[in-house]
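K.L.:
Listed below, chain by chain, are the residues.
2 protein chains.
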Amino acid sequence: MNNKKRGLLIVISGPSGAGKGTICKELLDKNDNLLLSVSATTRSPRKGEVDGVNYHFLSKDEFINRIEKDDFLEHAEVYGNYYGTPKSNVDKMLESGKDVILEIDIQGALKVKENTEEGVFVFILPPSMEELKQRIIKRGSETPESLMKRFKSAYKEINFVSKYNYAVVNDEVGVAVEKLEAIILAEKCRVDRLKHSILDSKEDLIHEQLYD
Amino acid sequence: MNNKKRGLLIVISGPSGAGKGTICKELLDKNDNLLLSVSATTRSPRKGEVDGVNYHFLSKDEFINRIEKDDFLEHAEVYGNYYGTPKSNVDKMLESGKDVILEIDIQGALKVKENTEEGVFVFILPPSMEELKQRIIKRGSETPESLMKRFKSAYKEINFVSKYNYAVVNDEVGVAVEKLEAIILAEKCRVDRLKHSILDSKEDLIHEQLYD
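Residue numbers (the numbering used here), protein chains in the order written: chain H, 1 to 212; chain C, 1 to 212.
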């Protein structure tokens, strides 16, 4: 295998409460060839946050400048602050042969899908709607009304699974991580991705046949 | 997960000398949920061959009767004997929830592809053309002419990789088997395959929202 073979972009997304954060953390801990994409933001660093680790902290001017240069796979404004996925950073990591995990909400994932030809899109599903409800309840005090609202929103979000390549049910973190590892390995064997390297080995063959 | 969920049909194919037999054997030894599809034939059993294990031994009349009933995923006549993959046997195994391995030459695999909507098609590649040459030489004494003929035929066959879903390079059997296991696990997470079960869980959700 060529060491400089471009890595895979794996977009991991799903409704809040599905557990994508936990899954990504374990996946990254277990696999040295995986890197996490770090978002850029214009909000101020909080105590303990490190530039380039938690976020790339940018000034508003710089952020807007990068938007104009088309350097975001996706970006959004939330309460007056910008957040985005810097295209050139992701590209640099992929070019070095590393696989890149992009953990992102559903809206962001769909924008990424519009803005790039590559990317394997994985939707993390809660094991059941009952379990999702329990997780949402555990996260903080909810009134029955706001619980129903968040629940209905998760329900609507699950419709977007059809835009994704894979769906992984997060009933057990270890099993979900194994499935993601399998997806990454399998994607690298897909003929659509391999065509180029197979043609290369055919060139070798022609050479061997003619000149050996 | 529903225990009766239909299994996967995995068609493992490739040029002779690529090592698909060794890979399939190890894959089957390691995975209890996998079964090997047993071919039917009209040739006489050889010493030690067991009906239903090595082959399903059929009379010529019975074989032709089954062809007429459209009960083969593929079949061929070789030196006056018929060989084929019985559709109903494969279907029974899949319906029981088992995954089924079909180890077959390229011509057979392409016929299977024409005759069924399902099936994950995996092409086993030799690590290099030089290695394939060595393997072909090891198999028996070859004249330079017959070696070149077999080699050219393997070269032509590699073109068919574009008809397959996955390609696995057999440089190390253990690694190739891991890739096949990953392909099987990943395929079960593909959204195209999951749609039905996700819709089912959405039905549960509607029920929970309305009646809980």
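In case anyone wonders, no lab produced these hints; they're calculated from the structure.
What you are looking at is a predicted structure, and each value in this text was computed from that prediction instead of being measured.
Each hint should be verified, as a subset may be incorrect.
When the alpha-carbon atoms are kept at most 30 Å apart in a straight line, the in silico DSS-like pairs for lysine-lysine are as follows [said to hold, decoys possible]:
(1) C:69 - C:4
(2) H:188 - C:69
(3) C:25 - H:111
(4) H:60 - C:69
(5) H:5 - C:163
(6) H:163 - C:30
(7) H:188 - C:98
(8) C:4 - H:156
(9) H:5 - C:152
(10) C:188 - H:156
(11) H:25 - C:156
(12) C:163 - H:163
(13) H:30 - C:188
(14) C:188 - C:98
(15) C:113 - H:149
(16) H:188 - C:111
(17) C:25 - C:5
(18) C:163 - H:4
(19) H:98 - C:188
(20) H:156 - H:138
(21) C:98 - H:152
(22) H:113 - C:152
(23) H:69 - C:5
(24) C:111 - C:25
(25) C:47 - H:188
(26) C:113 - H:163
(27) H:5 - C:111
K.L.:
Each of the hints needs a verdict: does it hold here or not?
P.N.:
So, going through the hints one by one against the coordinates:
1. The suggested pairing of residue 69 of chain C with residue 4 of chain C holds, with an alpha-carbon distance near 27 Å, which does not exceed 30 Å.
2. Between residue 188 of chain H and residue 69 of chain C the alpha-carbon distance is near 40 Å, which puts this suggested pair outside the 30 Å criterion.
3. Between the alpha carbons of residue 25 of chain C and residue 111 of chain H the distance comes to roughly 44 Å, so the proposed pair goes past 30 Å and is violated.
4. The suggested pairing of residue 60 of chain H with residue 69 of chain C is violated, with an alpha-carbon distance near 71 Å, which exceeds 30 Å.
5. For a cut-off of 30 Å, the pair hint linking residue 5 of chain H to residue 163 of chain C stands: about 23 Å separates their Cα positions.
6. For the proposed pair residue 163 of chain H and residue 30 of chain C, the alpha carbon gap of about 34 Å is over 30 Å, so the pair is violated.
7. Note on residue 188 of chain H and residue 98 of chain C: the hinted pairing holds, with a Cα-Cα distance of about 25 Å set against a maximum of 30 Å.
8. Note on residue 4 of chain C and residue 156 of chain H: the hinted pairing holds, with a Cα-Cα distance of about 29 Å set against a maximum of 30 Å.
9. Restraint check: the Cα-Cα separation between residue 5 of chain H and residue 152 of chain C comes to about 29 Å, which is no more than 30 Å; the hinted pair holds.
10. The hinted pair formed by residue 188 of chain C and residue 156 of chain H meets the criterion: a straight-line CA distance of about 24 Å does not exceed 30 Å.
11. Simply put, residue 25 of chain H and residue 156 of chain C have alpha-carbon atoms about 45 Å apart, too far for the 30 Å limit, and the pair is violated.
12. For the hint pairing residue 163 of chain C with residue 163 of chain H, the CA-to-CA distance comes to about 25 Å; that is within 30 Å, so the pair holds.
13. Using a Cα cut-off of 30 Å, the hinted pair residue 30 of chain H and residue 188 of chain C holds, with the two alpha carbons roughly 22 Å apart.
14. For the hint linking residue 188 of chain C to residue 98 of chain C, the alpha-carbon distance of about 13 Å falls within 30 Å, and the restraint holds.
15. Among the hinted pairs, residue 113 of chain C with residue 149 of chain H is inconsistent with the structure: their alpha-carbon atoms are about 47 Å apart, more than 30 Å.
16. The suggested pairing of residue 188 of chain H with residue 111 of chain C holds, with an alpha-carbon distance near 26 Å, which does not exceed 30 Å.
17. Taken as a hint, the residue 25 of chain C and residue 5 of chain C pair is honoured in the structure, with Cα atoms around 25 Å apart against an allowance of 30 Å.
18. As the CA atoms of residue 163 of chain C and residue 4 of chain H are separated by approximately 27 Å, the hinted pair is consistent with the 30 Å bound.
19. Distance restraint check for residue 98 of chain H and residue 188 of chain C: the Cα-Cα separation of roughly 25 Å lies within the 30 Å cut-off, and the hinted pair is therefore satisfied.
20. Note on residue 156 of chain H and residue 138 of chain H: the hinted pairing holds, with a Cα-Cα distance of about 21 Å set against a maximum of 30 Å.
21. Restraint check for residue 98 of chain C and residue 152 of chain H: not satisfied, since their Cα atoms lie roughly 36 Å apart, outside the 30 Å limit.
22. A distance of roughly 42 Å separates the Cα atoms of residue 113 of chain H and residue 152 of chain C; the hinted pair therefore is violated under the 30 Å criterion.
23. Taken as a hint, the residue 69 of chain H and residue 5 of chain C pair is broken in the structure, with Cα atoms around 49 Å apart against an allowance of 30 Å.
24. Of the pairs offered as hints, the one joining residue 111 of chain C and residue 25 of chain C holds, with about 23 Å between alpha carbons and a cut-off of 30 Å not exceeded.
25. Between residue 47 of chain C and residue 188 of chain H the alpha-carbon distance is near 43 Å, which puts this suggested pair outside the 30 Å criterion.
26. Annotation: proposed proximity of residue 113 of chain C to residue 163 of chain H holds, straight-line Cα distance about 26 Å (limit 30 Å).
27. Our distance criterion of 30 Å between C-alpha atoms is broken by residue 5 of chain H and residue 111 of chain C, whose separation comes to about 34 Å.
Going down the numbered hints, you'll see the structure goes against 2, 3, 4, 6, 11, 15, 21, 22, 23, 25 and 27, while the others check out.
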